[in-house]
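With the hints as constraints, model all of the structure from the sequences given.
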Amino acid sequence: MTAVVLACGTSARPAVALEPYAIAGDAIPAPLAGLSGDAQRGRAVVLDRTRGNCLICHRVPEPDEPFQGTIGPPLADVGARLDDGQLRLRLVDASLLNPETVMPPYFRTEGLRDVAPQFRGLPALNAQEIEDVVAYLARLRTP
Amino acid sequence: MTTRAALFIGLSLATTVATAQEIRPGSAFLSPEMRRQQSDEARNPGFLWVEQGEELFSRRSGEAPACITCHADPERSLKGAATRYPQVDAGSGKLINLEGRIEQCRTQRQRQPAFGYESPELLGLTAYLASLSRGLPMSVTTDGAAKPYLDAGKAVYERRQGQLNLSCRQCHDDLVGEKLRGDTISHGVGTGYPAYRLEWNEVGSLHRRLRACSLGVRATQFDYGAPEYLALELYLAARAKGLPLESPGLRR
Numbered sequence: 012m013t014a015v016v017l018a019c020g021t022s023a024r025p026a027v028a029l030e031p032y033a034i035a036g037d038a039i040p041a042p043l044a045g046l047s048g049d050a051q052r053g054r055a056v057v058l059d060r061t062r063g064n065c066l067i068c069h070r071v072p073e074p075d076e077p078f079q080g081t082i083g084p085p086l087a088d089v090g091a092r093l094d095d096g097q098l099r100l101r102l103v104d105a106s107l108l109n110p111e112t113v114m115p116p117y118f119r120t121e122g123l124r125d126v127a128p129q130f131r132g133l134p135a136l137n138a139q140e141i142e143d144v145v146a147y148l149a150r151l152r153t154p
Numbered sequence: 008m009t010t011r012a013a014l015f016i017g018l019s020l021a022t023t024v025a026t027a028q029e030i031r032p033g034s035a036f037l038s039p040e041m042r043r044q045q046s047d048e049a050r051n052p053g054f055l056w057v058e059q060g061e062e063l064f065s066r067r068s069g070e071a072p073a074c075i076t077c078h079a080d081p082e083r084s085l086k087g088a089a090t091r092y093p094q095v096d097a098g099s100g101k102l103i104n105l106e107g108r109i110e111q112c113r114t115q116r117q118r119q120p121a122f123g124y125e126s127p128e129l130l131g132l133t134a135y136l137a138s139l140s141r142g143l144p145m146s147v148t149t150d151g152a153a154k155p156y157l158d159a160g161k162a163v164y165e166r167r168q169g170q171l172n173l174s175c176r177q178c179h180d181d182l183v184g185e186k187l188r189g190d191t192i193s194h195g196v197g198t199g200y201p202a203y204r205l206e207w208n209e210v211g212s213l214h215r216r217l218r219a220c221s222l223g224v225r226a227t228q229f230d231y232g233a234p235e236y237l238a239l240e241l242y243l244a245a246r247a248k249g250l251p252l253e254s255p256g257l258r259r
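Chains as they are written, first to last, in the numbering used here: chain A, 12 to 154; chain B, 8 to 259.
Read the hints as simulated data drawn from the structure, not as lab findings.
The structure displayed is predicted, hence computed values, not measured ones.
There could be a bad hint or two in this list.
[As the list claims (entries may be wrong)] Below, simulated EDC-like cross-link-like pairs (lysine to aspartate or glutamate); rule was C-alpha separation at most 20 Å, straight line:
#, chain 1, residue 1, chain 2, residue 2
1, B, K186, B, D158
2, B, K186, A, D125
3, B, K248, B, D158
4, B, K186, A, E76
5, B, K101, B, E206
6, B, K101, B, D158
7, B, K154, B, D96
8, B, K186, A, D94
9, B, K186, A, D37
10, B, K154, B, E235
11, B, K101, B, D47
12, B, K186, B, D96
Have a look at this one:
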């Protein structure tokens, strides 16, 4: 999806309406748009530099990936620490928990400034990609 | 994390700029081998651009006087000049950087077409003139007419930007020393530019580096020489006040 949009050039688009979600405590309990995630696809999103690009900041148990970042916490056992709803909220918009957070909001288009034209009005990840990444992270259970 | 502490310090220093003692030059974050290579004129490829700039400085094109015709003995007369840029141009009242000053002489005094950002000529001349100030402390003016530009640069530095919603400060103050992929985050000072980056395989300007950081957070890449980058350049130079100029830098 992102690739197709990128190919459309650099003109600004009206913001796409993001699927609504409900927050309960520190979690978004229900899957976005009722979609189910696929861990294998989620892994690809996490590693892909043009999509999640999570490894600039995090370490994951992927020995073939050199140069993993140290900015965020290691994710090796994140699935044991957080449930699906908690993972979802942290991906959607971690600033809901910590306004000063460095963790980017992956499912948000409002309140951002100077977004590059090719990304304007789009979330960093779409609902399906968020669900796929949640499914991947939920399986990371060994420190 | 020290975000809160950093934020607090940031607020309490709101009108001043962090002092140079705590800010370290880009070379401090290089491997020892790359640091040696940067300081070795024979092994730092940036000096090829310096040599070309030096040669160009004395070359005449057509009727126009060469740079050296007006700037005799540049090793003395232009030594230290680079440490005072960006600065407010007395004539126009606008903020200009070293590249802008060179282009000004080129178009107004030599009456030749501008070289353009990232042209080998402008990179060479900028690297050459910067090299004449190697080791000298950065000493830009930040008060008077420069103050509004400094404030604008600080504002750009501190505001979150791009789809990834990060400010320059979150990386270059709060996360210094951390690994972002293979890079160690430095204080993000511009004192090594123009610099030879291995990733570029050539020398590039500070604004080229800034465009890379903008792209990194998926923010608008402003044009070379844009007011946003000029103001940022002044703020970075003010932050680096007293640090030695180290262009041509060598970077990953």
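**Report entry** Given pair status - D96 of chain B, K186 of chain B, alpha carbons within 20 Å
**Finding:** 39 Å, violated
Report task. For the pair supplied as a hint, K101 of chain B and D158 of chain B, confirm whether the alpha-carbon distance does not exceed 20 Å. Result -> Answer holds: K101 of chain B to D158 of chain B is near 14 Å, not above 20 Å.
Query raised in the report: Does K248 of chain B pair with D158 of chain B here, judged by a C-alpha cut-off of 20 Å?
Result: Answer holds: K248 of chain B to D158 of chain B is near 16 Å, not above 20 Å.
Requested in this report: With a cut-off of 20 Å on the C-alpha distance, tell me whether K186 of chain B and D125 of chain A pass.
Outcome: 25 Å, violated
Query raised in the report: Can the restraint linking K186 of chain B and D158 of chain B be considered satisfied, given a maximum Cα separation of 20 Å?
Result: Outside the cut-off at roughly 29 Å; violated.
Requested in this report: Given the hint that K186 of chain B pairs with D94 of chain A, test it: the Cα-Cα distance must not exceed 20 Å.
Outcome: 28 Å, violated
Query raised in the report: Can the restraint linking K154 of chain B and D96 of chain B be considered satisfied, given a maximum Cα separation of 20 Å?
Result: Distance of about 13 Å is within 20 Å: holds.
Report task. For the pair supplied as a hint, K101 of chain B and E206 of chain B, confirm whether the alpha-carbon distance does not exceed 20 Å. Result -> 33 Å, violated
Query - Hinted pair K186 of chain B and D37 of chain A, Cα distance within 20 Å - result: 28 Å, violated
Query raised in the report: Keeping to a limit of 20 Å between CA atoms, is the pair of K186 of chain B and E76 of chain A held or broken?
Result: 14 Å, holds
Query raised in the report: Between K101 of chain B and D47 of chain B, is the straight-line Cα distance small enough, at 20 Å or below?
Result: 36 Å, violated
**Report entry** Satisfaction of hint between E235 of chain B and K154 of chain B, Cα-Cα up to 20 Å
**Finding:** 15 Å, holds
Hint violations for this structure: numbers 1, 2, 5, 8, 9, 11 and 12, all remaining hints satisfied.
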